[in-house]
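Q: What follows is the residue order along each chain.
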Amino acid sequence: MKKSLIALAVLAASGAAMAQSSVQLYGIVDAFVGTTQDTIKTPGSKSQTVVESGGLKSSRWGMKGSEDLGGGLKAGFKLEQRFKSDTGALDGVNFKGESSINLSGNFGTVALGRMGTPYDDLRGKTNAIADTNLSPVGDTIKNAKADYTDKTDNTVAYVSPTFNGFSGAVAVSFNEDKTDKLDATSHTSLKLQYANGPLLVGYGYQKEEAKAKGGADDSTFNLLAGSYDFGVAKLVGGFQTAEYTVANAQVGDQDSYYFGVQAPVAKNINVYFGYVNSKYDAVKAGDDVKATGYTLAANYVLSKRTDAYIGYKNIKKENDNTGADQGKYTQLAVGVRHAF
Amino acid sequence: MKKSLIALAVLAASGAAMAQSSVQLYGIVDAFVGTTQDTIKTPGSKSQTVVESGGLKSSRWGMKGSEDLGGGLKAGFKLEQRFKSDTGALDGVNFKGESSINLSGNFGTVALGRMGTPYDDLRGKTNAIADTNLSPVGDTIKNAKADYTDKTDNTVAYVSPTFNGFSGAVAVSFNEDKTDKLDATSHTSLKLQYANGPLLVGYGYQKEEAKAKGGADDSTFNLLAGSYDFGVAKLVGGFQTAEYTVANAQVGDQDSYYFGVQAPVAKNINVYFGYVNSKYDAVKAGDDVKATGYTLAANYVLSKRTDAYIGYKNIKKENDNTGADQGKYTQLAVGVRHAF
Amino acid sequence: MKKSLIALAVLAASGAAMAQSSVQLYGIVDAFVGTTQDTIKTPGSKSQTVVESGGLKSSRWGMKGSEDLGGGLKAGFKLEQRFKSDTGALDGVNFKGESSINLSGNFGTVALGRMGTPYDDLRGKTNAIADTNLSPVGDTIKNAKADYTDKTDNTVAYVSPTFNGFSGAVAVSFNEDKTDKLDATSHTSLKLQYANGPLLVGYGYQKEEAKAKGGADDSTFNLLAGSYDFGVAKLVGGFQTAEYTVANAQVGDQDSYYFGVQAPVAKNINVYFGYVNSKYDAVKAGDDVKATGYTLAANYVLSKRTDAYIGYKNIKKENDNTGADQGKYTQLAVGVRHAF
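Sequence lines, in order, name chains A, B and C. Residue 141 in the working numbering sits at position 138 of the first sequence, and the numbers go up by one each step. Residue 330 in the working numbering sits at position 327 of the second sequence, and the numbers go up by one each step. Residue 63 in the working numbering sits at position 60 of the third sequence, and the numbers go up by one each step.
There's no promise every hint is true.
A pair counts as met if it fits within one copy or between any two copies, since identical chains are not told apart.
[Said to hold, decoys possible] Once the Cα atoms are required to be at most 20 Å apart in a straight line, the calculated EDC-like pairs of lysine to aspartate or glutamate come out as:
| id | residue 1 | residue 2 |
| --- | --- | --- |
| 1 | K44 | D142 |
| 2 | K237 | E70 |
| 3 | K99 | D221 |
| 4 | K154 | D134 |
| 5 | K49 | D183 |
| 6 | K44 | D232 |
| 7 | K145 | E246 |
Hints are computed from structural coordinates only; laboratory data are not their basis.
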């Protein structure tokens, strides 16, 4: 009780202006009308009209801030909640988007909490369709077999400063699952990149350990990716390999490549195209999978904070030994995105 | 990782003032001490002392904003979370109150997401007790049989401009439940109204489809309602009909009428009275129900943002064939409402 | 629909400046890297590396405000959500930290909702390690048997003004569990304190009723506690007794004492020590328990809003009849806390 009163007294003394300099409230509301059909997940399902959230970017709101501590040192934080704008439902855990605190200085940045991995940062920078949800890359790779974990809990991360265009980042995420008989597992992710003017090239590595009865169930990802901005168009692309083990025995590997092009075709209008091909080569005979996907999209920039968009995504899956059809996913979306 | 750093850099550049012009944080905290008894739901239950949330308006917090896009075009959004102020618990889904994005201009407004229906807007405007939770109207109609759905997910809505006092709105909400054998269902809601000075009259229609094995389980609502502000008092009232089908066969209909009066009786003091009568006429013999309810309330306006209130709500339910008592609901509330 | 449009219109008219004067967005992000081991809860468990939330203060965000109603009267509110900064997960109910509304004036303060109890306020003011989560006091007492409930729902509270250093507070929390056969139960909490310059002494009482088949399962807590600030160091301490009944029969009582010292040892550096001893004397022979705990900690103040810290907490539990070891809890934490 008394605590509340004191808090209110402090509020009165500090004033609103001071309060507002320490935190920024921000977000994105993105919704579209469209049609979706997914015969990969549900064979026989029909195309239906939907109102959905996050055609371009997942709807979110958050709080973030940065404090100058003097001597070049800074403290910062970011808390970001994801939700479905079509229903108002929470999309996963409370601050699924990010929940982190960091200290930065000449030495770089050290961060604690839940956040995107360094690997995810490189995939994002080189993703097709401006790294939006319309990109076919992640969905197609997941449909072939699996893709990397984009955000991790219990993470300690370090991001280096940039030296002559070179920079790097590494993150370890503790699974905190040690028992009296088994050691704890963890995720490790790192990124090295070179950025100079219109060019970006980078290498990413991510190893995801999971506990298993008979040994380790691990996934290991490697990525070589880049982008080049020609002015009239920007090209992005990458090549990713993945290896999967169950109980320490390899069960398969997955090779994926993707590219994208985006171009400003008129004032306030951009068009985007992206393509991805992913093959899962199973150790078990006859279980190979091939998935391919593409997206064609355009957006109309209404302001710095708002744009309207249209996009069509198409993913096909087939058995890569027999060529047997395993379904397709299609999405047509016409929507609007607003940032605040 | 790197993404966060970039975001922080953007924050530093934009400054807090700019950030604050794009979003407004708002809310209502409403709590009361009182007694409640509900022998309709729980026969034999006793009256007990409670601390509850939302005597007048459901406690909420939200974010909203509007952006001028030029040329008369605007973009806007609203995200509103409901909670119980007595326990801090979330009341339903994350943004149960509203989760929407809209574009508006000379053509009217188009909105996407979760929001109140046009029908609900007319019922709200003509509801007794200033459309607060103390109103007996909705609770009594629900106790007789059922009432309309006030907010819908996956909604596309259009609100017309006003022409000489006339305006209208229509919304379609997609249930996104199409299967390989059954078509998708939806909710449709519309409103036509005429407002001129102290007078408001309107008509509302809402059809709620639900999927059923043997056919459709539908509810159809019609509302004729209005209000007139005499200055010394404001009168509101309406007449609502509802028809219910199960597996395409009509199971009953429900007629309800309600009225309310509110008057400023002294400086900063208003008194309110509301009455509602709802009869459910079942196709099945002997199952007719009658429910009547009334509320007497007063509020003391402490400021533009804060008022104290007292109210008493009484609902009685009986078998409309035999007159047999089916219980009552009573609530006495003394509370305070604060908006921010 | 139309409601939203009206709301947006109001927003445009009021402007952001006015909006920001009525609510303050605030919070704490606290995360640490460390090791934890708990063989009290899980015998045989090993020490493991963790990233956790809230080494000093539970991570939180909230909204609060105060409005001057004129004539010395004020309205205020506070809504506070707790979360885990290491995962972004919600820690309990939506506004677990606080969900309250209050009116205050010359008569004192009356508050409604969910909030900390007056008893908790006194324990907090006299808690070791500056009332942070590193304090051994609560954890040790809970491990011996049980501790008081720090926050209650459905609460009506009154906080008196201060008369010559004396003040008091009382709160009643309704469990709202009346049935047709059993009366409702409730929690009652009160506090009396005297504060004068460097001295604070206080008495707290809290009775927690729970419904039981054979009678009442009650817990009654009494606390005598104080603090004295010598300038070079601040001492805190208290003595707490607890009595537990099951079905109206006493099952045991628990005596606990604790003390702490904190001192500014250098510019921007503080060190802290706290100790607690708690004995549970069971009516049933042979079930007596003794738990002791201590914490050694230090923090480095980086700014008014940010500090780095290190702390080590150690709790031991044993059978107080036989002296048999019942496990230990240890935690080492190196972290950072940032308030916004």
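Q: Report the numbers of all earlier hints that the structure fails to satisfy, in ascending order.
A: 2, 3 and 6
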